[in-house]
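Protein chains in written order, with the numbering used here: chain A, 1 to 301; chain B, 302 to 571; chain C, 572 to 818.
No lab work stands behind these hints, which were simulated from the structure alone.
One or more of the hints may lead you astray.
Stated by the list, open to error - Facing chain A, a subset of chain B residues (Cβ under 7 Å, in silico):
(1) 350
(2) 469
(3) 504
(4) 506
(5) 529
Claimed, not checked - Using 27 Å as the maximum straight-line C-alpha spacing, the simulated BS3-like pairs for lysine-lysine come out as follows:
(6) 686/C with 377/B
(7) 744/C with 811/C
(8) 314/B with 686/C
(9) 382/B with 710/C
(10) 177/A with 188/A
Stated by the list, open to error - A short list of chain B residues far from chain C (calculated; beta carbon distances all over 10 Å):
(11) 307
(12) 383
(13) 448
(14) 517
Owing to the predicted nature of the structure, the values given are computational and were not obtained by experimental measurement.
The beta carbon of each residue, even a glycine, is placed where N, CA and C say it ideally should be.
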Amino acid sequence: MSRRFAVFFLLAVLVGGHLFLLDKATNSQRQLLTTGGRTAVLPGPLMKISSLEFDGLVANFLFLKAMVFIGETLDRPESPRVQYREYLWLLRLLKTITDLDPYFYDPYYFGNAHLVWNEYSQGKYHPASEGYYYMQDFLLRENINLVDKGIRYRTWDWYLLFLNGFNYFYFLGENEKASEYLMEASRKTNSSPLLATLAARLAHQGDRTENAIEFLHEMIDATEEQSVRETFFLRLSALKKVLYLERAVAEFISRHNRQPTALHELVKYSIIQEIPSDPYGGVFFLDEDGKIKTTSNFVNQ
Amino acid sequence: MNSVWPLAIITFKEGIRNRALYGITLFALMFLIANFLISGLFMQDVGKVAVDMALSTVSFAGLLVVLFVGINLLAKDLDRKTIYIVLSRPISRGKYIFGKFFGLGLLVVATMMILGAFAIASIFFIKMAYPLYFPRFSWTPVFFAIFFSIFSLLLLTSLSVLFSSFCSSSFVTLILTIISYLIGQSLGDVKALVESPQALGIEISSLTIKFISAAYYLFPNLSLFDLKIQAAHNLPIPLEHMFWVLVYGIGYAVLSIFFAALIFEKKEFP
Amino acid sequence: MIKVEGLGKTYRESMGRGRVLALQDVSFEVPSGEVFGFLGPNGAGKSTTIKILLNLIRPDAGLATILGTDVRRPELRRQVGFLPENPYFYDYLSAWELLKFGGRTAGMDEAAINKRGVELLERVNLLAAAKRHLRTYSKGMVQRAGLALALIHDPQVVILDEPMSGLDPLGRKMVGDLIMELKSQGKTVLFSSHVLTDVERFCDRAAIIVNGRLRLVGALKELLSAGGSLEDVFLREVEKAGGGQGL
């Protein structure tokens, strides 16, 4: 009887001790310095060697890591949400993933959604400041290179061509280049029938806002990820308002043979009822160069 | 043939009833079920991820079978002297090697068929759940990928037979086989890197290049048999490529078995 | 019949350059229909000689033939049955599958294998356990399964390495009966043992080997004529050779 009790007692102590020690050990682990999920990224060729015959599998898991990382940044209160060096890490990671499996669609799509459409590219941080301008430009051009790699491998895919067409048109203002991408895209099977028209229109200068609206419609159609779609929708509604104002300015010029001094004049001369509000929370204004701009610079306030 | 076949049969039976095989199959099954959850996490290329995961699982489980069931079957004959009851039959040394290799090959083919069926089922169900995310999918390259994966494992098995013909312990055979697998799978990529080192911005000495090209001719180029990426994206696989890879594989396996038989002929079993 | 002429064998030690002399100029002959006992202390060369007879080891010198055929020819072993010392078989095979394997490799047809297999399993008292995996067998059962395997193809020559070791008295009697039965069928039997009473009971002739050299060969009666039991003869020979690391 006493022996049985002793065994039971010992067992209870050992099990209790195990639970206590497990708790201690995991808590003390928190004191270790971590990389915050961003572990070192091996260059593609080395990763290809070390992943043996499991290149595709490793690419999948590395990509999951990229998604998890961006997903976690969504909860960050600070601004900018993602630091510049974190984007550089993401870029390296996506390059390695696409070295492992250059046919893998998701990393190109994901890269374009985050490396380009982010706080830096949207100029929230002093677009005039040299450093940020450099960052934005660097991420954009690297992303275009990444998407170009996808275009080289995914020869059946029209959407990557379309993405870079948009990047050239909207972010770099190189309409001719953008038009080339779109023409190429329109030749692929299953591509949108509107691409050829869009490409033709881009070949002419001007109509910038209208073209952007066309592009965004296409992108929204081909996008499933809700957060990315919302980004596009917001931009679309802002651009539609810009277009509305641009047309009003054109109307004003044709009636009065001069530039309006400010947007209020459009209301004063009854061309429009009121100045629409910027969905990003800023205020539209007429810049000295005659273009419609907004104080929000198309970034959520 | 009348003594090769019975030996192949008992080798196969001894292997297929091994508990380790059940463990490996269970592991593969768990992975294939997890495939359902994991591929659902991806945004667009769900089909690619599902095929990748399923085929990688099959290849890896097959590799475990070769390394831990196959080599064990070879080595136990020598370690525990079961070879006495085999060689005291009217079986020549050469036929022993052939019989053993055929038995192991049968084991690899049978387990890979079962694992392959599981993998196909897992792709099938994921495709049912996400039919829109399989835009480029086709079954044919998936079957080819499984077939060539089986073939590369047979090649590895022939190498393990060669190693066990001269290694004194099963552990050494295991290590040599693992090394050959690692080299065989990475050799293609290493050679590509060595031929254009500017990709990494490194310099490579001429000695290293010679060393690598020596390894290139010595070890089997297992990466030739890896068609997983092609299957995942339904990329075209030229018939000519498949033909030459197949012939290359058969040639290398015959060479290893031939050497194994030569070495075994001289071996003694004190 | 078994004939061994001037067998010599030296093992190289696995590390270093040491050499171990295992056999030196061993010659003897076992005529057909005879039961021949092969005696010697542990490590004297009994197993080495037997393994040479089965082509598991190659002699450095000399020649071994069975039924007039060089032992290196695999076809010869259709006529030879062998039970290794402390036999170990595959874990997941049954005794029945083992016998099938033995019969098939010897070129027997399925009907003959089935008939002979059942007879033998009954003879060694394993019929009830025939379908069980060998890894569930006791040591004695494994030994008996090994005997059945050695005899499945009805060989002319039977070579048994320490057939009695690890058997209980019932098992020893069964093996003894089997040897006598083989003798009555006119088979040639060579068995090694260090259990002298076994040799005394079953053998027509015997050989004593110590430190790799054959000390005595002859009919049991001749060996015993010098006086004393076989044990006395054996101990005397071991002592004369200055060897024997204990029995």
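Hints versus structure:
no., hint, verdict
1, 350, "5 Å, holds"
2, 469, "28 Å, violated"
3, 504, "14 Å, violated"
4, 506, "17 Å, violated"
5, 529, "5 Å, holds"
6, 686/C with 377/B, "31 Å, violated"
7, 744/C with 811/C, "33 Å, violated"
8, 314/B with 686/C, "23 Å, holds"
9, 382/B with 710/C, "16 Å, holds"
10, 177/A with 188/A, "18 Å, holds"
11, 307, "4 Å, violated"
12, 383, "6 Å, violated"
13, 448, "28 Å, holds"
14, 517, "34 Å, holds"
Checked against the numbered hints above, the structure violates hints 2, 3, 4, 6, 7, 11 and 12; every other hint is satisfied.
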